[in-house]
Amino acid sequence: MRLNQLVLRNFRSYTDCEIDFTDRVNLIVGENAQGKTTLLEAIYFLSTAKSHRTYPDNELIRYNESWFYLRGKIAAANGSDTNPEAQIEPLDLMTVEVSNELSGKKRFKFNGVLQKKLSEWIGQFNVVFFSPESLTLVKGAPADRRRFIDLLISQIDSVYLSSLQNYQFALKQRNELLKQIRSKQANPDFLDPWDDILIAEGISISQTRVRMFAQLKAYVQAKHTELTGDREVLELKYQPSPEKIDRAPKQEATELFRQGLQSSRSYDILRGMTAVGPHRDDFKLILESQSAGAMYFQEAKAFGSQGQQRTIALALKLGELELIRETTGKTPIVLLDDVFSELDGERSSFLFNLLGRLNAQTFITSTRQEAWGPELGDCRVFTVHDGQVN
Amino acid sequence: MLHYPEPLARLINELQKLPTIGAKTAQRLAFFMLKMPESDTTKLAQALSEVKTHLDYCSVCGNITDQQPCYICTDTRRDRQTVCVIEEPDDLLAIERTQEYKGLYHALMGVLSPLDGVGPKDLRIDQLFQRIHSEDIKEVILATNYTTEGQATALYLTKQLESLEITTTRIAYGIPVGGDLEYIDAVTLAKALEGRRRI
Chain A
1 MRLNQLVLRN FRSYTDCEID FTDRVNLIVG ENAQGKTTLL EAIYFLSTAK
51 SHRTYPDNEL IRYNESWFYL RGKIAAANGS DTNPEAQIEP LDLMTVEVSN
101 ELSGKKRFKF NGVLQKKLSE WIGQFNVVFF SPESLTLVKG APADRRRFID
151 LLISQIDSVY LSSLQNYQFA LKQRNELLKQ IRSKQANPDF LDPWDDILIA
201 EGISISQTRV RMFAQLKAYV QAKHTELTGD REVLELKYQP SPEKIDRAPK
251 QEATELFRQG LQSSRSYDIL RGMTAVGPHR DDFKLILESQ SAGAMYFQEA
301 KAFGSQGQQR TIALALKLGE LELIRETTGK TPIVLLDDVF SELDGERSSF
351 LFNLLGRLNA QTFITSTRQE AWGPELGDCR VFTVHDGQVN
Chain B
1 MLHYPEPLAR LINELQKLPT IGAKTAQRLA FFMLKMPESD TTKLAQALSE
51 VKTHLDYCSV CGNITDQQPC YICTDTRRDR QTVCVIEEPD DLLAIERTQE
101 YKGLYHALMG VLSPLDGVGP KDLRIDQLFQ RIHSEDIKEV ILATNYTTEG
151 QATALYLTKQ LESLEITTTR IAYGIPVGGD LEYIDAVTLA KALEGRRRI
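Protein sequences appear in the order of chains A and B.
Quick note: the first sequence uses the working numbering, first residue 1, plus one each step.
Quick note: the second sequence uses the working numbering, first residue 1, plus one each step.
For reference, chain A alone in the conformation it holds in the complex (with noise of 0.2 Å):
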C-alpha cells in the first residue's frame, strides 16, 4: 500500500495542508512540538478511524474549531509490492475520508460512499504503528498485549471483530448480573444464558488469537534476531484463559471454558467480575541471552533494558507488518515515531538496514537529520515547522 496524498484541515496544530509522499522513506523531521507525530496521527486515524494517543476525537480538532477532516489517497498496488516497477492500475487507487464534528459525529467514506460500519471500514487500508507507547507492549499490563492482538487480528478478520464486539456486550451484562446476585436482586440460574454466549463467541476468539500468535512469534522472532544482530534469542509464550485451551480442540476447549467458569461462579459474584475467559489473556517476552557459555532466561518486562524493551517493542510491530502482508497480501505502511531515541549505534544500524529491505512506504519522525543512514535508500524530507510541512 502507499499513501500517496494526505489531507489535513482542522486537525490538531494544521489548519490546511496537502502533503504528497513517496514510495519509499519518508523522513519527517522537526523540532518538539511542531507536528510532526500530529502526520502519523493522521495517517493512522485513516486506517483505524481512532487515535493511538487515545484521546476523545473531539480532542484533534483545532482549537476553537468545531470540525476536522482528513483525506488520504491510497494505492492498494497489488502487483506493486512484489514487483516494486510495476505499474500501478487506475483501479487500485482508493480514497478514504474521515470527518468529525464537536458533537462527535464521525463520518467515513470510501471512494466517496458513506460508510456505516466501523467493520467495514477496518482492514481498507492498513497502517503499522510503532511510538514510544508502544513500549507497554513489553512494559504495560495483559490489557496492552490483549490491544495489539485484537486489532491486529481485527484488520484481517472481520468476523473476529463481531465475534469480540458480542462476547464484550455479554461480558458486560454478565458483570451486571453478577453484582445484582450478590446483592440477591437475582437468582444465579439466570447467567446461564451470559455463559452460553460467553462460550460460544469466546471458543472463536481464543481460536483464531492462538492460530495467528502462532504465525505472528515466527515473524517476531525473526525480526529479533535481525535487529540484534542475533545475539538474543526472543521467545514468545501464549497464556490463554482457561489454561490449555490452546491445546484442546473445540469440543473439548468449549468443555474446559464450561467448567472455568463455573468452577469460579461464587467467587464472580463475590467480586462482581468474570475472572475466566478470552478477556484476561496474555503473553509473555522471554529472552534468551548467552553469557559466559551459560543460558539466561529472563522475562524482558521486569529484566529487559530500555533498549532491549523497545527492540522487543519493535519486532512485535514489524512481526505485525509481516503477517497482515502474508494474510492480506497487502504491505501495510510503516509509522515509526521517534524510533531511534533509545537505540545505540549498532541496533540503530541494524534497523536502517532491516528497514531498506522491508520494502514498505515507511514514515519516520525525528529531531535530527543527521542521524539518517545511507543504508535507507531513496527518501525524501520533510521539515515540520508550526503546522506548516516544507
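These are computed hints drawn from the structure, not numbers from a lab.
Among these hints, one or two may not hold up.
Unchecked claim - Here are the in silico distance ranges between beta carbons for each label pair:
no.: 1; chain 1: A; residue 1: TYR267; chain 2: B; residue 2: THR147; range: 28 to 34 Å
no.: 2; chain 1: B; residue 1: LEU44; chain 2: A; residue 2: GLU101; range: 36 to 42 Å
no.: 3; chain 1: B; residue 1: LEU193; chain 2: A; residue 2: GLN5; range: 35 to 41 Å
No residue lacks a Cβ here, since even glycine has one placed at the ideal position from N, Cα and C.
For this one, chain A is given, so just place chain B on it according to the hints.
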C-alpha cells in the same frame, strides 16, 4: 416574550411530548389544528382518546387488541399447538405479514438485559409457562432478535423448556431471500456458512 393564549399554549405543550416533534413543529401543528374544521378536530380528539380507552394488550399473548383475548388468540382456525415467542407486539405484525405462520404468539415485552435491570421476572415468561401447562402446546418457536440480548433470552428459555415434553425451535438466520452473496457482509455470511443445512 410572546405569549400564546392559554389553550393554544397547552396544545403546543402537549404536542411537544411526542417523539420527533420539536418546538417549531408543535407550533406549526397547533396553528394548523386551529384552522381545521371543528368536525375534524373532534374526530382527532376522539381517535386519540379511544386509542387509550379501547385498546389494550391481549391478556394471553400480549398483542395490541381491542378485544380480550385478541383476534389471533380467539381464532379457532389457527394452529393452536404452536406458539411463536417474540420480543415486542410489533414483531407479531412483521411475522403476520409473511402469511406463512398460522400458529399463536407470545410477546415477552422485552429481552433479558441486566444492564437495563431486566431479568426473567420482568418479562412475560411466567405467563408463557402457564400457557404451556394449560393449553395443548407442542412446539415453541423462539423468534427473539439475533442480538446479544435476544440470543441470551432465547438460550434462557431453551433451558427452561428443556424438561417439558415440547419441541423448542429457533428461527434461522443468514442470507436474505434474493440476496446476492457478493453484497452480504462477512459476518452474516460466515454465520450462514456455519448454519448450513443438508438438502
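Hints versus structure:
1. A/TYR267 <-> B/THR147: 28 to 34 Å: At 29 Å between Cβs, range holds.
2. B/LEU44 <-> A/GLU101: 36 to 42 Å: Given range 36 to 42 Å: holds, Cβ gap about 39 Å.
3. B/LEU193 <-> A/GLN5: 35 to 41 Å: Distance hint for B/LEU193, A/GLN5 holds at roughly 39 Å.
Every hint, counting from the list given before, is met by this structure.
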